[in-house]
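Novice: Listed below are the residues making up each chain.
Protein chains: 2
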Amino acid sequence: MPHRIVHMLRARGSGRRPVMLAIAGDSAAGKTTLTRGLVRCLGEDRMTAVCVDDYHRYDRSEREGKPFTALHPDCNHIDVMEQHLQLLSMGEPILKPVYDHATGELVRPELVEPREFVIVEGLLPLHTRLARACFDITVYLDPPEELRHAWKVRRDCDKRGYTPEQVRAELDRREPESAAYIRPQRRWADIVVRFAPVAGRQDPPGTPLSAELLLRPTIDHPELDTVIGDSAPPPPAPGSPHGAETAMHLRLHRDTDGRPVDALHVHGYVSPDESRIVKKAIWERLGPRAGDGGLDPDALGRFGDGGTSDPLAITQLLLLYHLLDADRRQAA
Amino acid sequence: MPHRIVHMLRARGSGRRPVMLAIAGDSAAGKTTLTRGLVRCLGEDRMTAVCVDDYHRYDRSEREGKPFTALHPDCNHIDVMEQHLQLLSMGEPILKPVYDHATGELVRPELVEPREFVIVEGLLPLHTRLARACFDITVYLDPPEELRHAWKVRRDCDKRGYTPEQVRAELDRREPESAAYIRPQRRWADIVVRFAPVAGRQDPPGTPLSAELLLRPTIDHPELDTVIGDSAPPPPAPGSPHGAETAMHLRLHRDTDGRPVDALHVHGYVSPDESRIVKKAIWERLGPRAGDGGLDPDALGRFGDGGTSDPLAITQLLLLYHLLDADRRQAA
Chain E
1 MPHRIVHMLR ARGSGRRPVM LAIAGDSAAG KTTLTRGLVR CLGEDRMTAV CVDDYHRYDR
61 SEREGKPFTA LHPDCNHIDV MEQHLQLLSM GEPILKPVYD HATGELVRPE LVEPREFVIV
121 EGLLPLHTRL ARACFDITVY LDPPEELRHA WKVRRDCDKR GYTPEQVRAE LDRREPESAA
181 YIRPQRRWAD IVVRFAPVAG RQDPPGTPLS AELLLRPTID HPELDTVIGD SAPPPPAPGS
241 PHGAETAMHL RLHRDTDGRP VDALHVHGYV SPDESRIVKK AIWERLGPRA GDGGLDPDAL
301 GRFGDGGTSD PLAITQLLLL YHLLDADRRQ AA
Chain R
1 MPHRIVHMLR ARGSGRRPVM LAIAGDSAAG KTTLTRGLVR CLGEDRMTAV CVDDYHRYDR
61 SEREGKPFTA LHPDCNHIDV MEQHLQLLSM GEPILKPVYD HATGELVRPE LVEPREFVIV
121 EGLLPLHTRL ARACFDITVY LDPPEELRHA WKVRRDCDKR GYTPEQVRAE LDRREPESAA
181 YIRPQRRWAD IVVRFAPVAG RQDPPGTPLS AELLLRPTID HPELDTVIGD SAPPPPAPGS
241 PHGAETAMHL RLHRDTDGRP VDALHVHGYV SPDESRIVKK AIWERLGPRA GDGGLDPDAL
301 GRFGDGGTSD PLAITQLLLL YHLLDADRRQ AA
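Protein sequence lines, in the order shown, are assigned to chains E and R.
Residue numbers for the first sequence follow the working numbering, beginning at 1 and rising by one.
Residue numbers for the second sequence follow the working numbering, beginning at 1 and rising by one.
Because the hints were derived from the structure by calculation, they are not lab data.
Even glycine gets a Cβ: it sits at the ideal position worked out from N, Cα and C.
Mixed in with the good hints, there may be bad ones.
As the list claims (entries may be wrong) - DSSO-like, lysine-lysine: derived pairs with alpha carbons at most 27 Å apart:
(1) R:K66 to R:K96
(2) R:K159 to R:K96
(3) E:K96 to R:K159
(4) R:K96 to E:K96
(5) E:K96 to E:K159
(6) E:K66 to R:K66
(7) E:K66 to E:K96
What the hints assert, rightly or not - For the chain E half of the interface with chain R, some residues (derived, Cβ under 8 Å), not all of them:
(8) I78
(9) V80
(10) E92
(11) P93
(12) T103
(13) P109
(14) V112
(15) R115
To be verified - For each label pair, taking beta carbons as the anchor points, the in silico distance ranges come out as:
(16) E:G65 to R:A102: 46 to 52 Å
(17) E:T103 to R:P205: 49 to 55 Å
(18) E:R173 to R:R187: 33 to 39 Å
(19) E:Y58 to R:A102: 21 to 27 Å
Use the sequences and the hints to build the structure in full.
Specialist: Here it is as structure tokens:
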């Protein structure tokens with residue numbers, strides 16, 4: 001080999017690159033629930049879901065006595081995470097590190113091969129500029145902190161064998177690093193998703209949480225103003241218990257940092273009729289791809305425990321729109 | 001993120017890429033012995049040595065019943081090995097998989113950060129075109145098979161706890177894949193190194209093996225013809241037990257495939273004086289870098305068991321020449 005030949009990393013197969021969606025958010029913010037419905041709707045043969053929380057520099061025993069928690073960037077191989085995001089975005093496989101939550105050890109890595117669509121969920125996927133540059137669509141999950149804490153206590157006690165006191169102590173310990181490294185990622189999201197109860201309402205038990213979606217003008221959102229915006233017809237369900245009040249609306253809004261955003265509200269008490277109209281509008285905007293039979297709309301809006309939610313379904317549908325739209329642009 | 005921005009993988013630091021040397025060869029061919037002296041001579045702060053034999057797709061228990069041994073390319077993540085070689089050649093760190101020979105399991109991967117010089121040794125580093133393209137210098141270790149078998153029996157019994165019968169059975173089992181995948185890499189080496197006894201000689205016990213180095217015209221070798229070639233003066237040690245016979249010579253040679261090569265022979269019975277002249281000639285050709293005090297010539301020619309060998313030292317010195325020469329060209 002007389003000369004150094006550095007090849008660009010090969011684009012395999014057709015040379016099409018996968019569409020990359022980031023779902024960032026703190027522990028127990030709902031990332032997996034949001035991701036699962038998208039994978040089921042598009043199909044596992046077309047979508048790869050990968051969690052990027054396993055790039056730990058230290059295992060549990062090595063972390064003891066260190067002055068930071070596992071979510072501090074210095075506690076992670078952020079440079080390798082960036083590298084792996086770049087590789088996935090180029091259609092390349094990765095050998096992803098694997099952390100065993102049960103033992104606190106780093107174990108055998110796993111091969112991850114990107115399919116047409118890649119969802120990357122985790123604590124820090126939007127932490128660095130290079131990582132952000134790998135994504136077509138970026139989402140930040142931003143539930144109220146008290147709700148997230150309750151979710152984390154439930155999940156870590158049910159599935160990971162901790163006591164509520166242990167989980168709450170860990171949440172306290174992590175709070176400074178959440179504030180310093182996790183929450184600032186909200187700034188970099190094309191879509192900020194907040195599931196929460198509507199303030200001041202006394203909805204019957206079992207009413208799903210409402211969704212507030214901040215739609216930043218950093219990507220092109222589907223045109224919904226004529227359906228639920230200021231120029232939309234009055235709500236279609238005057239017989240509903242909420243009378244003529246609109247359970248879904250799109251409003252111009254100023255974000256906490258002063259930047260303008262569209263805010264799409266989908267209330268938990270939305271009537272099936274009203275939600276059907278919006279879903280239909282988004283499906284129509286998906287274009288011919290939505291009707292090719294390859295999508296399973298029944299997979300949307302489902303929780304792990306079997307419950308369903310229209311605000312969740314509409315949130316996922318909007319993300320589905322963006323995935324297919326990015327794919328269409330890339331094919332064009 | 002309105003648009004996909006795929007960055008080239010960053011070149012960190014000064015932007016200089018490491019010089020990459022491959023040492024390919026079958027199991028127990030002497031790769032580690034050759035590598036160790038180079039690392040000690042240049043210093044661990046300047047050189048990274050990495051073995052690429054851990055990219056197993058299956059661990060030991062998963063391999064049972066499979067119709068191939070661990071060295072079959074289909075039994076390895078060759079695409080990830082290629083990717084990691086590219087990353088190293090671009091100065092990027094990798095999380096390299098790790099195989100535990102004691103348990104036969106794949107375990108926690110390790111971070112490998114390339115320094116100025118990277119030696120990649122292993123069974124298959126020259127197997128694919130993309131992998132080969134990552135190297136500045138490629139070496140194939142080609143000892144006679146009976147010698148390699150003896151080395152493997154000794155090492156695997158001493159260090160890995162096998163019986164001689166087990167090692168010989170494994171050698172038999174691997175033979176078809178050695179022939180199909182390992183030995184064809186000889187074709188792609190800039191330098192083919194063969195340590196072997198000289199046929200027909202009865203050297204006293206303890207005489208080191210001779211080295212035969214095929215120097216292919218695929219890289220620029222140091223000009224040694226005036227020292228040990230046809231135009232060199234007669235050997236300097238007429239009082240030696242070998243009389244006027246030259247223990248070192250450079251001859252034009254036709255390789256087994258008919259291609260022309262230079263063949264540098266360094267016999268095990270080379271006298272200290274004769275070997276000193278050649279070493280001095282190569283050091284001089286290393287240029288000012290050789291004299292900067294950062295190199296340790298005493299690290300060359302040493303075996304793990306404390307023995308020394310001039311043929312080994314001269315082989316390593318030649319590789320050192322190529323490492324520094326490639327670095328100089330890159331800086332130019």
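Novice: Decide, hint by hint, whether the structure agrees.
Specialist: Results for each hint:
Restraint check for R:K66 and R:K96: the C-alpha separation of about 24 Å stays at or below 27 Å, so the hint holds. Distance check on the hinted pair: R:K159 and R:K96 sit about 23 Å apart at the alpha-carbon level, within 27 Å; holds. For the proposed pair E:K96 and R:K159, the alpha carbon gap of about 31 Å is over 27 Å, so the pair is violated. For the suggested pair R:K96 and E:K96, the alpha carbons sit about 10 Å apart, so the restraint of at most 27 Å is met.
Using a Cα cut-off of 27 Å, the hinted pair E:K96 and E:K159 holds, with the two alpha carbons roughly 23 Å apart. Distance check on the hinted pair: E:K66 and R:K66 sit about 44 Å apart at the alpha-carbon level, beyond 27 Å; violated. Between E:K66 and E:K96, the direct Cα distance comes to roughly 24 Å. Compliance with the 27 Å bound is thereby established for this hinted pair. Interface restraint check for E:I78: the shortest CB-CB distance to chain R comes to about 11 Å, outside 8 Å, so the restraint is violated.
The beta carbon of E:V80 comes within 5 Å of a beta carbon in chain R, closer than 8 Å, and the hint placing it at the interface holds. The interface hint given for E:E92 is met, as the beta carbon of that residue sits about 6 Å from the closest beta carbon of chain R, less than 8 Å. A hinted interface residue such as E:P93 counts as satisfied when its beta carbon comes closer than 8 Å to some beta carbon of chain R; here the least separation is about 6 Å, so the hint holds. Given hint, E:T103 at the interface with chain R, is violated; its Cβ is 11 Å from that chain's nearest Cβ, farther than 8 Å.
About 5 Å separates the beta-carbon of E:P109 from the nearest beta-carbon of chain R, less than 8 Å, and the hint is met. Against a cut-off of 8 Å between C-beta atoms, the interface hint on E:V112 is violated, since the closest Cβ of chain R lies about 10 Å away. With its C-beta approaching chain R no nearer than about 16 Å, E:R115 sits outside the 8 Å limit, and its interface hint is violated. Checked against the given bound of 46 to 52 Å, the beta carbons of E:G65 and R:A102, roughly 29 Å apart, lie outside it.
At about 53 Å, the beta-carbon gap between E:T103 and R:P205 stays in the expected band of 49 to 55 Å. A hinted range of 33 to 39 Å is violated for the C-beta pair E:R173 and R:R187, which are about 58 Å apart. About 23 Å separates the C-beta atoms of E:Y58 and R:A102, a value consistent with the hinted range of 21 to 27 Å.
Of the numbered hints stated above, those contradicted by the structure are hints 3, 6, 8, 12, 14, 15, 16 and 18, listed in ascending order.
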